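Trainee: The primary structure of each chain is shown beneath.
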Amino acid sequence: MTQATSSYTDDIAIRVRGLKKSFGSFHIHNGIDLDIPVGKVTYIMGGSGCGKSLLLKQIMGFISPDVGTIDIFGERMDATNFQKLKHIRRHLGILFQNGALFDSLSVYDNVAFSLKERLDLSKSETDARVESLLKSVGLAMVHATKAPSELSGGQRKRVALARAVAMKPKIMMYDEPTTGLDPVTTMMVTNLIRDISEEHKLTTIVISHDTHVVFSVAENIAFLKDGKVRYVGPPRGVFEVEDADVEEFFVLETRYKEEKK
Amino acid sequence: MAGMKQIHRRGHIFLQQFDFIGVQSLTVITFSAIFIGAVMAFQTYIPLHQFGMESFLGPSVGIALTRELAPVFCGIMVAGRAGAAIAAEIATMRVTEQIDAMEALGTDPHDYIMAPRILAGTLVLPLLCIYFILIGCFAGWAIGTLVLECDGAVYWQQLGWAVDFTDVWQGLAKAVIFGFFVSSLGCFYGYNAGNSAESVGVATNKAVVATILLILFSDYILTAYLPYDPSNLILH
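Sequence order for the protein chains is W and H.
Numbered per the numbering used here, the first sequence spans residues 1 to 261.
Numbered per the numbering used here, the second sequence spans residues 1001 to 1236.
Note that these hints are calculated values from the structure, not bench results.
Treat each hint with caution, since some may be false.
Taking CB as the label site, the calculated pair distances span [claimed, not checked]:
1) GLU248(W) - VAL1209(H): 45 to 51 Å
2) MET187(W) - HIS1012(H): 38 to 44 Å
3) GLY1011(H) - GLU248(W): 56 to 62 Å
4) LEU1222(H) - ASP66(W): 57 to 63 Å
5) MET141(W) - LEU1222(H): 53 to 59 Å
6) HIS1012(H) - MET141(W): 31 to 37 Å
7) LEU105(W) - PHE1035(H): 34 to 40 Å
8) PHE1031(H) - SER48(W): 48 to 54 Å
9) ALA140(W) - PHE1031(H): 43 to 49 Å
Remember, predicted model here, so these are calculated numbers, not experimental data.
Glycine included, each C-beta is placed from N, C-alpha and C at the ideal position.
Excised from the complex, chain W in its bound form (with noise of 0.2 Å):
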C-alpha cells in the first residue's frame, strides 16, 4: 500500500526530494529538496509567485509534481490514488488562507464534520468535543449555530483552524494564515498557531511573507526563490547566509515592515 524510503529517519516527518513543476512554460518548482523536521514549526518563505502555497498543495495531494518525491511519515505520496491519499492525509491538517469554511454549513457542523464522517460518536461526545476544539481557538458555543457568512474574518480562521485540528493530524499546515488580517488580528492568529503547535505537539508549516512575526515563532525557515530552495536553517541564520536574495528578503523586509511600523 505505501512505500517507504530508504533514507527516512523518524526526526523527519516530510521529505522532498528532486521536485519539479511546470505550467506551460513556467517552471515553478526547479528541484527542491526539503526535510521538515518533526514537532518544530517551519516557515516557508518568499516571494510571490515562487511556488510557496504550490509546495503545499503538492505535499496535501492536490497536485501532481511533474518530477520528484514527498514522503510524509515515510509513505510516498501518490496524488493519483485517492485511498493512499485518504490513508496518508490522516497525519496532516490544513487551514487555507481564507478559511474555506463550507458556506452551507454552520459552524458546529464546519468543526464537526471530519468527526461525524470519520467516528462513530454519539451527539453528546461530538457536542462536546466541537465545544471543546472551540475553546482552544478562543470561541465560545454561542458561535456553533452561526453560518460562517456571519464571522469576521479571524473568527473564520479561527473555525478552520478548529476544524483542521479535530482529528489531531501530526502535521499541520497553514497557507499564509495572517494574509488580509489587521496586526491585532495577525498576532492573535500567530499566538494561536503557536499555542496549538505546542499544545498538540505538532510539526507546523506555515507559509507567509511577513517576516516580522517569522522570528519569534519559527523554530526553522525555508527560503524559496527561483524554484529552489536557497536557504533552509534557524531564523537567525538568514542573517549569517552569504547569499545576495536571501538577504534581500529578509534585510529589505524586516527595514520595511520597521519603517511602517
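Given the coordinates of chain W, work out where chain H should sit on it, guided by the hints.
Mentor: For chain H alone, coordinates are given in the frame of chain W:
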C-alpha cells in the same frame, strides 16, 4: 453502525437536493406545462379542424406531451434552473478551496457532493415529467373546451384511448436519462472549474449549454432507437 450513519448523512443531502431540483422547480414546470399544453392545443386544432377531426385533439396533445415535449422541456427547464445552480455552487466550492478542504478532511467530494445530486436529479426528473404531462393535458383541455369549443368528455376519452403504456415508458425513460445529464454535467463542469471568479460563470454557462445540446441530441437518438416496447430491451 458508522456505515448506517454515513448513509443517513448522504440521505439527508439527497433529500435536500431532491427538494432543490424537484420541488423547487415545480413553479417553473407548472408555467411551462400550461403554456406548452395550451399552444399544442391551438396548433394541432387548426389542421385537425380542416379535416373535421377535432376529436383527435386529446390524443395529439397527450401523445406529443408524453413522448416528447414533457421530457425535453423538463430537461431544459431543470438544466436552466437547477443544473446551472449545481454547476455554480460546486465551482464556487472549487474557487474558495472548499473542495480541497473536504479532500484534506478525508472525505471524497465525488461521494459527498456529486453522488447525492446525480441520484436526486436522475430520480426527480421522471416525476416532474409526469407532473408536466398532467398539467399540459389539463391546459390543452382548458383551451380545447373554453376557447376552441371542443367536447371536453371526448377530449379525455380519446386521450385515454390513444396514450398507452409504451408512450409513457418512452417519455419516462427519456426523463431519467435527461435527469442524469442535467445533474451529472452540472457536477462535472462545477468540479472541473478553474480557480478564478470568472471560472464560476464559465462553468455555469458550459454546463447549461452542454446539457441542452446533449438533451436535444440524445432525444433524437432515443426517439429513433428506443424500442417501442420496453420488453424488447431485454430480448435484444
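Trainee: Hint by hint, note whether the structure agrees.
Mentor: Here's how the hints hold up against the structure:
no.	hint	verdict
1	GLU248(W) - VAL1209(H): 45 to 51 Å	holds (50 Å)
2	MET187(W) - HIS1012(H): 38 to 44 Å	holds (40 Å)
3	GLY1011(H) - GLU248(W): 56 to 62 Å	holds (58 Å)
4	LEU1222(H) - ASP66(W): 57 to 63 Å	violated (44 Å)
5	MET141(W) - LEU1222(H): 53 to 59 Å	holds (54 Å)
6	HIS1012(H) - MET141(W): 31 to 37 Å	violated (23 Å)
7	LEU105(W) - PHE1035(H): 34 to 40 Å	holds (39 Å)
8	PHE1031(H) - SER48(W): 48 to 54 Å	holds (51 Å)
9	ALA140(W) - PHE1031(H): 43 to 49 Å	holds (48 Å)
Hint compliance for this structure: hints 4, 6 are not met, and every other hint is.
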